[in-house]
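Engineer: Turn these sequences into a full structure, and let the hints steer you where they fit.
Residue numbers (my numbering), protein chains in the order written: chain A, 1 to 264; chain B, 1 to 365.
If you're looking for bench data, these hints aren't it; they were derived computationally from the structure. Given the structure is predicted, the values throughout are model-derived calculations rather than measurements. Just so you know, not all the hints are guaranteed correct.
Simulated pairs of lysine to any residue, SDA-like, Cα-Cα distance not exceeding 25 Å [as the list claims (entries may be wrong)]:
#: 1; chain 1: A; residue 1: Lys202; chain 2: B; residue 2: Glu251
#: 2; chain 1: A; residue 1: Lys202; chain 2: B; residue 2: Glu50
#: 3; chain 1: A; residue 1: Lys262; chain 2: B; residue 2: Ser300
#: 4; chain 1: A; residue 1: Lys245; chain 2: B; residue 2: Glu282
#: 5; chain 1: A; residue 1: Lys245; chain 2: B; residue 2: Gly16
#: 6; chain 1: A; residue 1: Lys15; chain 2: B; residue 2: Glu99
#: 7; chain 1: B; residue 1: Lys113; chain 2: A; residue 2: Val2
#: 8; chain 1: B; residue 1: Lys102; chain 2: A; residue 2: Ala29
#: 9; chain 1: A; residue 1: Lys245; chain 2: B; residue 2: Ile353
#: 10; chain 1: B; residue 1: Lys102; chain 2: A; residue 2: Pro90
#: 11; chain 1: B; residue 1: Lys97; chain 2: A; residue 2: Leu97
#: 12; chain 1: B; residue 1: Lys113; chain 2: B; residue 2: Ala61
#: 13; chain 1: A; residue 1: Lys245; chain 2: B; residue 2: Ala61
#: 14; chain 1: A; residue 1: Lys9; chain 2: B; residue 2: Asn100
#: 15; chain 1: B; residue 1: Lys112; chain 2: A; residue 2: Glu3
#: 16; chain 1: A; residue 1: Lys262; chain 2: B; residue 2: Ile353
#: 17; chain 1: B; residue 1: Lys8; chain 2: B; residue 2: Asp189
#: 18; chain 1: A; residue 1: Lys152; chain 2: A; residue 2: Leu97
#: 19; chain 1: B; residue 1: Lys128; chain 2: A; residue 2: Gly60
#: 20; chain 1: B; residue 1: Lys68; chain 2: B; residue 2: His14
#: 21; chain 1: B; residue 1: Lys228; chain 2: B; residue 2: Val66
#: 22; chain 1: B; residue 1: Lys260; chain 2: B; residue 2: Lys102
#: 23; chain 1: B; residue 1: Lys97; chain 2: A; residue 2: Val13
#: 24; chain 1: B; residue 1: Lys128; chain 2: B; residue 2: Glu99
#: 25; chain 1: A; residue 1: Lys18; chain 2: A; residue 2: Pro197
In silico negatives: residues of chain B with every beta carbon more than 10 Å from chain A [what the hints assert, rightly or not]:
#: 26; residue: Tyr28
#: 27; residue: Ala34
#: 28; residue: Arg46
#: 29; residue: Leu60
#: 30; residue: Lys151
#: 31; residue: Arg191
#: 32; residue: Ser232
#: 33; residue: Glu282
#: 34; residue: Asp332
We put the beta carbon where it would ideally sit given N, CA and C, even for glycine.
Below, each chain spelled out in residue letters.
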Amino acid sequence: MVENPYFLKEGRVLKVVKECEGVFTFHIATEEPAEPGQYNMLYAFGAGEAPITIASVGEGYVVHTVRAVGNVTRSIDSLREGDYLYYRGPYGNRWELERAFGKTLLILSGGLGLAATRWVFERAMESPVKRLIHLYGSKDYESLLYKEFYEKWAKGAEFHITLDRPHPEWKGRVGLITELLKELELEKDAVVFMCGPDPMVKACVKTLEEKGIRAENIYASLERHMKCSVGACGHCMIGPYFVCKDGPVFRYDLIREYFERKEV
Amino acid sequence: MEGKGKGKGYAVSHEGLRKLFDLLSSEYELVGPALKEGVISYKVLRSFEELPFGCKSMELAGYYAVEKADGYFTYVRPSNSLKTFLHPPELTIMRVKRENGKLSFEYEYPDKKYCFFDVRACDLSALKVLDMVFLHKNKNPDPYYASLREKVFIVAVNCTNHTNTCFCTTMGTGPEVKEGYDFLITELDGRFLLEEGSERGRRLLESLENKEEARQEDYEEKERRLKKVESSMKRAFETEGLKERLYGRMEESFWEPVGKRCLACTACTQSCPTCFCFDLLERASLDVSERVRVWDSCFSPSFATLHRFNLRQSVHSRYRQWLMHKFAYWLDQFGTFGCVGCGRCISWCPAGIDLREEVKRVAYG
Ligand SMILES: Cc1cc2nc3c(=O)[nH]c(=O)nc-3n(C[C@H](O)[C@H](O)[C@H](O)COP(=O)(O)OP(=O)(O)OC[C@H]3O[C@@H](n4cnc5c(N)ncnc54)[C@H](O)[C@@H]3O)c2cc1C
Ligand code: SF4
Ligand code: FES
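Structural biologist: Next comes the structure, spelled out in structure tokens:
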């Protein structure tokens, strides 16, 4: 008999960090091997499941950052150290980091999209990438994630943050991520990884192409409605692709036709 | 003598069929067509008499009526499809128990042993398509589907009639049954040709009394009858190169006309023998929660919801998703069309939308 893909595994919550209002980061004990770009389905009793990206890993644990937006995510965000989390995965493909070896790698993160790029960014800092740039756009000061790492990241890469809205505490950039991107001096053969809301991805691709970056070198991690995560429920389809198993990371030239067309 | 089918052939009477039915129903839960409330549908059958012999459905886009006809297997595929049994409209996949902050999970696989008695060529192809989706072309094969599917005994029937919405000849799936059955029935004049298609089928037919070995004339009559149905069915559209043409027609303007007519009622996806999309629901009491798999539809207003917003707001975009999936995406995903030409979606569309006309209009118009 084949394995049950819906079977849930148990992981102890080792650590909880409050990132900002309604967003928590969890360290969950696991021995499950995973790759940057993949996600787990997290289960909440009586509520259901939600796909949540693997934000990073550590010795014997996996990191998930969850924003409470509905039943499942609210329930998960109420977990505390010592509680148990139930999940299945990892699912999906990975970022093709090796394509950026010896080249410039530009990472673009919008909002919670940073959770999906964090691990590959951390990996890239230890990889033979020639130049590493990471632009992170957040809607406001209050929503900034992973603040404790900024100093370290700024040492290992050209790491820049921009906020959509100004804030008295904020001394850095204010403006859309595309504005920051426009000013950037970029090699034409740079490889780009991005994750953010659909409109941000579209706007960034446009700017990148104006800079001579080819769609074949741009990768985007997409978010779609997911129920099964194993290519069986049909919810996550975009054109002929199942985001749950063919993605979530897509080479942009392959999905452009569907992604840029309205209501596909 | 060697039959046109894979195995040996016999000729039996109406009584012989009854005998086979009884033999099968002693070992299997027998699913077959029956006339119920004016509609021929698949259901669990208790007796041979329930088979709708001598009934015939008259079907048009958005129209269905049952008439009398001369003969036995005079009807075509039933109104509902076999996915109802292998991919049930509602299935509990897991029971979750909560105790002291920890969860435990129980799941069992459905153990029903079905015999599908009277499967037409189009529906046999549909089973093959579902097998691709749930088993062969999926890295995570579905154990619920698998546990039901692997036990199924299939009695196929060659169509010697068709209805107006049938278009199996267009999709290359019928009316002749070619493979994937345990034994095959073809109605001849006053008798039935039985052809074995598997070891199980062979053993069953062998155990049957009062049968004759099929003669050359029986096979010739079968050919004649199949030719007759086939030649009376028009080819609705060209399938060669259809995928490529559709990929070139994703522009909204091609879909808006049908979007104006479609009610997004989901009747087509429900009646379709290959539409597999589902939702996972949670049915919870205080300490027990059931995870329930239910049919869903790309026409439903919440199907592609992201951040409280359905990505496919317009009805025409949902119709495009459905048709593109059936005739284009499906080929890239599973190596076969998602449509088998059974025509159910045409008969059961309350707006009378004829899928064949839409394919023609969009792809070749
Ligand atoms: C590959 C992938 C990775 C993700 N990674 C993260 C992450 O790291 N952190 C995080 O906080 N969120 C992430 N999300 C989004 C997260 O899955 C949804 O916010 C979550 O499913 C909402 O579930 P809910 O029950 O709490 O809310 P619901 O009550 O179900 O709904 C809240 C809103 O979220 C939408 N939604 C519901 N289910 C999904 C779904 N399965 N996918 C997308 N949207 C949905 C609903 O349409 C609704 O608009 C990711 C999504 C995907 C597809
Ligand atoms: S579509 Fe073909 S195989 Fe199916 S019921 Fe009609 S004639 Fe028979
Ligand atoms: S989430 Fe079910 S098919 Fe992708």
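Engineer: Each hint should be assessed against the structure and marked as holding or not.
Structural biologist: Against the structure, the hints:
{"no.": "1", "hint": "A:Lys202 with B:Glu251", "in the structure": "holds (19 Å)"}
{"no.": "2", "hint": "A:Lys202 with B:Glu50", "in the structure": "violated (59 Å)"}
{"no.": "3", "hint": "A:Lys262 with B:Ser300", "in the structure": "holds (18 Å)"}
{"no.": "4", "hint": "A:Lys245 with B:Glu282", "in the structure": "holds (23 Å)"}
{"no.": "5", "hint": "A:Lys245 with B:Gly16", "in the structure": "violated (50 Å)"}
{"no.": "6", "hint": "A:Lys15 with B:Glu99", "in the structure": "holds (22 Å)"}
{"no.": "7", "hint": "B:Lys113 with A:Val2", "in the structure": "holds (18 Å)"}
{"no.": "8", "hint": "B:Lys102 with A:Ala29", "in the structure": "holds (15 Å)"}
{"no.": "9", "hint": "A:Lys245 with B:Ile353", "in the structure": "violated (33 Å)"}
{"no.": "10", "hint": "B:Lys102 with A:Pro90", "in the structure": "holds (21 Å)"}
{"no.": "11", "hint": "B:Lys97 with A:Leu97", "in the structure": "violated (41 Å)"}
{"no.": "12", "hint": "B:Lys113 with B:Ala61", "in the structure": "violated (35 Å)"}
{"no.": "13", "hint": "A:Lys245 with B:Ala61", "in the structure": "violated (37 Å)"}
{"no.": "14", "hint": "A:Lys9 with B:Asn100", "in the structure": "holds (17 Å)"}
{"no.": "15", "hint": "B:Lys112 with A:Glu3", "in the structure": "holds (19 Å)"}
{"no.": "16", "hint": "A:Lys262 with B:Ile353", "in the structure": "holds (24 Å)"}
{"no.": "17", "hint": "B:Lys8 with B:Asp189", "in the structure": "holds (20 Å)"}
{"no.": "18", "hint": "A:Lys152 with A:Leu97", "in the structure": "holds (20 Å)"}
{"no.": "19", "hint": "B:Lys128 with A:Gly60", "in the structure": "violated (43 Å)"}
{"no.": "20", "hint": "B:Lys68 with B:His14", "in the structure": "holds (18 Å)"}
{"no.": "21", "hint": "B:Lys228 with B:Val66", "in the structure": "holds (22 Å)"}
{"no.": "22", "hint": "B:Lys260 with B:Lys102", "in the structure": "violated (51 Å)"}
{"no.": "23", "hint": "B:Lys97 with A:Val13", "in the structure": "holds (19 Å)"}
{"no.": "24", "hint": "B:Lys128 with B:Glu99", "in the structure": "violated (42 Å)"}
{"no.": "25", "hint": "A:Lys18 with A:Pro197", "in the structure": "holds (22 Å)"}
{"no.": "26", "hint": "Tyr28", "in the structure": "holds (20 Å)"}
{"no.": "27", "hint": "Ala34", "in the structure": "holds (31 Å)"}
{"no.": "28", "hint": "Arg46", "in the structure": "holds (31 Å)"}
{"no.": "29", "hint": "Leu60", "in the structure": "holds (29 Å)"}
{"no.": "30", "hint": "Lys151", "in the structure": "holds (12 Å)"}
{"no.": "31", "hint": "Arg191", "in the structure": "holds (42 Å)"}
{"no.": "32", "hint": "Ser232", "in the structure": "holds (35 Å)"}
{"no.": "33", "hint": "Glu282", "in the structure": "violated (5 Å)"}
{"no.": "34", "hint": "Asp332", "in the structure": "violated (4 Å)"}
Of the hints listed earlier, those the structure fails to meet are numbers 2, 5, 9, 11, 12, 13, 19, 22, 24, 33 and 34, in rising order.
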